[in-house]
Amino acid sequence: MQGIIELAAANLLSPIILFFALGVAAALARSELTIPEAVAKGLSLYLLLAIGFKGGASVADHGIDTTLILTLFAGIMLSFLLPFIAFALLRVITGLSTVDAAAVAAHYGSISIVTYVTATSVLTLAGVAFDGYMVAVAAAMEAPAILSALWLAARAGGVNRSSDPAMESGLFREILLNGSIVLLVGAFLIGAVTGAEGLAQIDAFIIAPFQGVLCLFLLDMGLVAGRGLRNARHLITVRLLAFGVLMPLIGAVMGMVTGLLLGLSTGSLTLMMVLGASASYIAVPAAMRVALPEANPAIYLTLALGITFPFNLTLGIPLYLAIAQFFTGG
Amino acid sequence: MKTFKAKRIEIMIESVMERRLTDALAKAGVKGYTILPVLGGSGRAGRWSREGQVSRAAGMVAIVCILKYDSAEKVLDTVFGIVDRHNGVVCVTECEIVRADRF
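Residue numbers (this note's numbering), protein chains in the order written: chain H, 1 to 330; chain F, 331 to 433.
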């Protein structure tokens, strides 16, 4: 318990979390502080490139083994499964409609790459090693949840025949080829091909500035989360709030069981828990607007970005790390 | 200067639907249109702003096209097939154009 408190305290007082808190506070106080749209986009591209490349270089260093393949497969299965749990939980504890519950469930089956990036940063600062291929697992877990959620919505009659999401041409091409996934996977492959030599050539760009860029990006995320909370506070009931905190814990437990069965190291197990616990707010909202436009975006964006993301960032990540250390003895 | 009557269709739609709509316009024979960014606004879901969106999901665009008087009806049917379920506004106004051969 002492370890968890110490980890949580160290995490809460780290620059990345404090910058995020600054963003939330500024937005709630209606400050005019903003990060220009193009700058925020540039920062996210940098982070995806850096995290993908470093992951690929790490795989080049350690090689491809069966654990990597099994972890990828397990991640995809987890992403398929989590929406069913989220959907059932939403129907039991909240009064959300079928369509809204399915849309929210899709977000919780998918992953938040920013939460993943922050977790890798926390692990690095804590000196806990993790497998580079976990970034490929993160990319693989983006889309399957969308299929599960659309099936849930269609099965429950939340989508009429004329608007059958399966008929929506081009949707899955867009999901699988969205810019974030293309850059993340592309940088991963380039890192895997060029290996340590390639990393040595660009490490001054992708390693040293990483923490500073992450601070600036999380400041922007804090501003966005704070604005979302301010605008949608009337929508957030106690039951939805409970879901926003409970579901990541359930997802983390599912990730933990998966990781333990795979025999992952402490760092990788922590990341698997983070992937299970995090909720998407970039790829899935766009897919939901196309496939389930009847669902209220204010509900799923506020839950994923305004509640679950800050929870994972502040308390979740150190908690998952402490649990992973407990089970692996790391 | 001689002018010709035409119809101006202005469609405000979620940015995730932009390509679907422009593809449909092209299929309906629309030769030209203009896409404009929308900074923000207020609607049934409350106020929103393009600023600080982490996803394209919450943004909107405005698509403007000028059509010959007699072809507007067909294009409107096409537009409605796309925008019907989505947030947005479709507005049709009468206008006058100078070079009718371009539309």
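Among the hints, erroneous ones may be present.
Claimed, not checked - Across the chosen pairs, the derived CB separations fall in these ranges:
1) F:415 with H:65: 44 to 50 Å
2) F:340 with H:39: 29 to 35 Å
3) F:421 with H:65: 37 to 43 Å
4) F:400 with H:39: 35 to 41 Å
5) H:31 with F:340: 45 to 51 Å
6) H:186 with F:357: 55 to 61 Å
7) F:370 with H:6: 22 to 28 Å
8) H:12 with F:366: 39 to 45 Å
9) F:411 with H:67: 34 to 40 Å
10) H:238 with F:415: 28 to 34 Å
11) F:403 with H:18: 45 to 51 Å
Claimed, not checked - Non-contacting residues of chain H with respect to chain F, defined by C-beta distances greater than 12 Å in every case (computed):
12) 6
13) 151
14) 290
These are computed hints drawn from the structure, not numbers from a lab.
Nothing here was measured: the structure is a model prediction, and the numbers come from that model.
Positions of the beta carbon are idealized from the N, C-alpha and C atoms, including for glycine.
Hint-by-hint comparison with the structure:
1. F:415 with H:65: 44 to 50 Å: Given range 44 to 50 Å: holds, Cβ gap about 47 Å.
2. F:340 with H:39: 29 to 35 Å: holds, 31 Å
3. F:421 with H:65: 37 to 43 Å: violated, 59 Å
4. F:400 with H:39: 35 to 41 Å: violated, 47 Å
5. H:31 with F:340: 45 to 51 Å: Roughly 34 Å apart at Cβ, these two residues miss the hinted range, so it is violated.
6. H:186 with F:357: 55 to 61 Å: violated, 32 Å
7. F:370 with H:6: 22 to 28 Å: violated, 44 Å
8. H:12 with F:366: 39 to 45 Å: holds, 43 Å
9. F:411 with H:67: 34 to 40 Å: violated, 49 Å
10. H:238 with F:415: 28 to 34 Å: holds, 31 Å
11. F:403 with H:18: 45 to 51 Å: With Cβ atoms ~59 Å apart, the hint is violated.
12. 6: Non-interface label on residue 6 of chain H holds, nearest chain F Cβ at 32 Å vs cutoff 12 Å.
13. 151: Fine: 19 Å to the nearest Cβ keeps residue 151 of chain H off the interface.
14. 290: violated, 5 Å
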